[in-house]
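Just so you know, the protein sequences line up as chains G and A, in that order. Just so we're aligned: the first sequence equals residues 1 to 199 in UniProt numbering. Just so we're aligned: the second sequence equals residues 1 to 465 in UniProt numbering.
Some hints could be false.
Pairs of lysine-lysine, DSSO-like flavour, derived with a Cα cap of 30 Å [unchecked claim]: (1) A/46 with G/56; (2) A/75 with A/362; (3) G/190 with A/364; (4) A/56 with A/175; (5) A/457 with A/362; (6) G/190 with A/18; (7) A/251 with G/190; (8) A/387 with A/362; (9) G/32 with A/46; (10) A/320 with G/96; (11) A/263 with A/56.
Bear in mind the hints are in silico, worked out from the structure with no lab data behind them. Note that this is a predicted model, so its numbers are computed, not measured.
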Amino acid sequence: MKKNFQHLISTAVPLPIENIDTDQIIPARFLKATTREGFGENLFRDWRYDADNQPKADFVLNDSRYKGEILVAGKNFGCGSSREHAAWAIADYGFKVVVSSFFADIFKNNALNNFILPIQVSDDFLQQVFSAIEADANAQLEVDLEAQFIKIVATGAQENFDINPYKKACLINGYDDIDYLLSLRQEIEKYEAGREFNF
Amino acid sequence: MKRTLVDKIWDSHVVVSKSGFPDALYINTHFIHEVTSPQAFDGLRKRGIPVFRPRKTRATADHNVPTIDQHLPIKEALSRHQVEMLTKNTAEFGVELYGLGHPYQGIVHVIGPELGITLPGMTIVCGDSHTSTHGAFGAMAFGIGTSEVEQVLATQCILQYRPKRMKIEINGQLKKGVVSKDIILYIISKISASGATGYFVEYCGEAIRSLSMEARMTICNMSIEMGARGGLIAPDETTFAYIKGREFAPKGADWEKALAYWKTLYSDADAQFDKTLRFDAADIEPMITYGTNPGMGMGITQHIPALEQVEDKERPSFKKSLDYMALEPGSALLGRPVDYVFIGSCTNSRIEDLRMVADFVKGKRKADNVVVWIVPGSKQVEAQAKKEGIDKVFEAAGFQLREPGCSACLGMNEDKVPAGMYCISTSNRNFEGRQGPNARTFLASPLTAAAAAITGKVADVRELV
Ligand code: SF4
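Can you make the complete structure from the sequences, with help from the hints?
Structure, rendered in structure tokens:
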């Protein structure tokens, strides 16, 4: 897995649709793999390809004007199922950052666990980002994790974003939750011994 | 200090709480299934570590399995491979498996409660968002991703931040023909598909108290559809009576001890919630969804909002959704023909759901234009239905009683609704393509689904009982 993340300047792919659920990000019929690789091919499968597996020209991932490591999406991105395959598909396709004005909880966690940075911005800033990309498909966004800001390079508009300090450290240093939990082994055993109801 | 039920359960499960870090929370019960676990076992292999507490994890095969001829090998190669991997992984790591052919096999959220594995006061996780179902017992249950499945396998703990708490109170009494599924579809239609994001919801009030455990599970099941981390209901006599005597429930002195503890599991009077919502059960009519997220629901006699009623910035998503459904803004659904009826999923596939449907259809026959699939939640539900003669009622009505699994809830097996067709479904998600590419889903209660099966269209069950 490609670990750690600090700073990025990239063009972005706009997807101004609200409530994009994980069934759209990766439809259930592609969840049959037993490894984490290769999901990128089926990212947004049913929006991207028609029934004959031909690319749909009007979908943004098939539009050669738009590319980059940042996906910009409408409100409530990643709602629905807990499938981490959604995060794997996004990472495997090559996105490192997803920008939206609201993220579903489980998706946010799954994204962070896969070193994808979900950036929650205000509705207003999200609109500015969409407008900037509409005006120029090559508009660049700058993301700085250390300083916690995202900037539209052309206009200079920028906004700070929140990320919890623990997750920030994980992203910057490239370590994950299991590393931390495994280090707590003694405390866990002590807890178990002290519990009256250890079902 | 006055505490909510969520806080009581949380506090008693914190293993380590360090400032700047999420809490390490101990997990009592972990359920796994074939779709979200293979990569987690792989992770353990890569790290060279065992499952830390194998007896606290239980496995079943449900998402992918066919619902006819389960005794034969699975035809579809990828599904077969995934189910085989589960068998191999659970054997290698010493985890109990209720796989195909096992009398306990079924949808993970149906078997936990019916086997008495799900108990009040527990922390329960599963790599599946509808884990919230188990909250009906006064447990803190929530869905996790595969990386977290790996964490639990490796350490029996998970890293979490304490959620905000929301109280949803449903007062008054339900009217005839209105059931628990309608309550939850109503709440979601009022607060939207993201209205409870970041919260853990406690449901309470007279209307909730008077529900059976099955009906409570239906409500908690769909908590995730409004974005909530989970939903729970404080345990009471109904809960205890349901658990008593079940396979893995505590027995004898253990039962008494457990019961005494369970009786302490409620939110203290005046405990602080971050948000409180109140609804009146009498305002709820049978519900149906018209769009492509569960928040797009309405009373069955109502009309889909007209474009002007939708906020400007929400119009593109609204239109996209109705285009997918091939429905006109402002139109009614009542009387619209449907092609498929699916009664199943972890929302509504328990014995009580099947009984409710059987009671209604007894002596009636399905309309010619519909295909009706009834998929029981578990082997035990299936056996009980047969024992009660419910299978005969369905057969006489022209319904197919199939074998247990997730089935058309997410269409990972062969049970897919064909493109362009309308399905009235008792499941929990009406997302684009959820029941098959380009399939169109109306979510409703088992009663409303049964009414559609008999009439061949969207019907008001109150006029048929
Ligand atoms: S029945 Fe549907 S919602 Fe429930 S666990 Fe299976 S796939 Fe998920």
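Evaluated hints:
Taken as a hint, the residue 46 of chain A and residue 56 of chain G pair is broken in the structure, with Cα atoms around 39 Å apart against an allowance of 30 Å. Taking the CA atoms of residue 75 of chain A and residue 362 of chain A, the gap is near 35 Å; set against the 30 Å cutoff, the hint is violated. Under the criterion of a C-alpha separation no larger than 30 Å, the hint pairing residue 190 of chain G with residue 364 of chain A is inconsistent with the structure, at around 61 Å. Our distance criterion of 30 Å between C-alpha atoms is broken by residue 56 of chain A and residue 175 of chain A, whose separation comes to about 41 Å.
Using a Cα cut-off of 30 Å, the hinted pair residue 457 of chain A and residue 362 of chain A holds, with the two alpha carbons roughly 19 Å apart. A hinted pair counts as satisfied when its Cα atoms are at most 30 Å apart, and residue 190 of chain G with residue 18 of chain A qualifies at roughly 16 Å. Using a Cα cut-off of 30 Å, the hinted pair residue 251 of chain A and residue 190 of chain G holds, with the two alpha carbons roughly 26 Å apart. Proposed proximity of residue 387 of chain A and residue 362 of chain A is supported: the alpha carbons are some 16 Å apart, at most 30 Å.
At roughly 21 Å between alpha-carbon atoms, residue 32 of chain G and residue 46 of chain A fall within 30 Å of each other, so this suggested pair holds. Taking the CA atoms of residue 320 of chain A and residue 96 of chain G, the gap is about 27 Å. The hint holds against a cut of 30 Å. For a cut-off of 30 Å, the pair hint linking residue 263 of chain A to residue 56 of chain A stands: about 24 Å separates their Cα positions.
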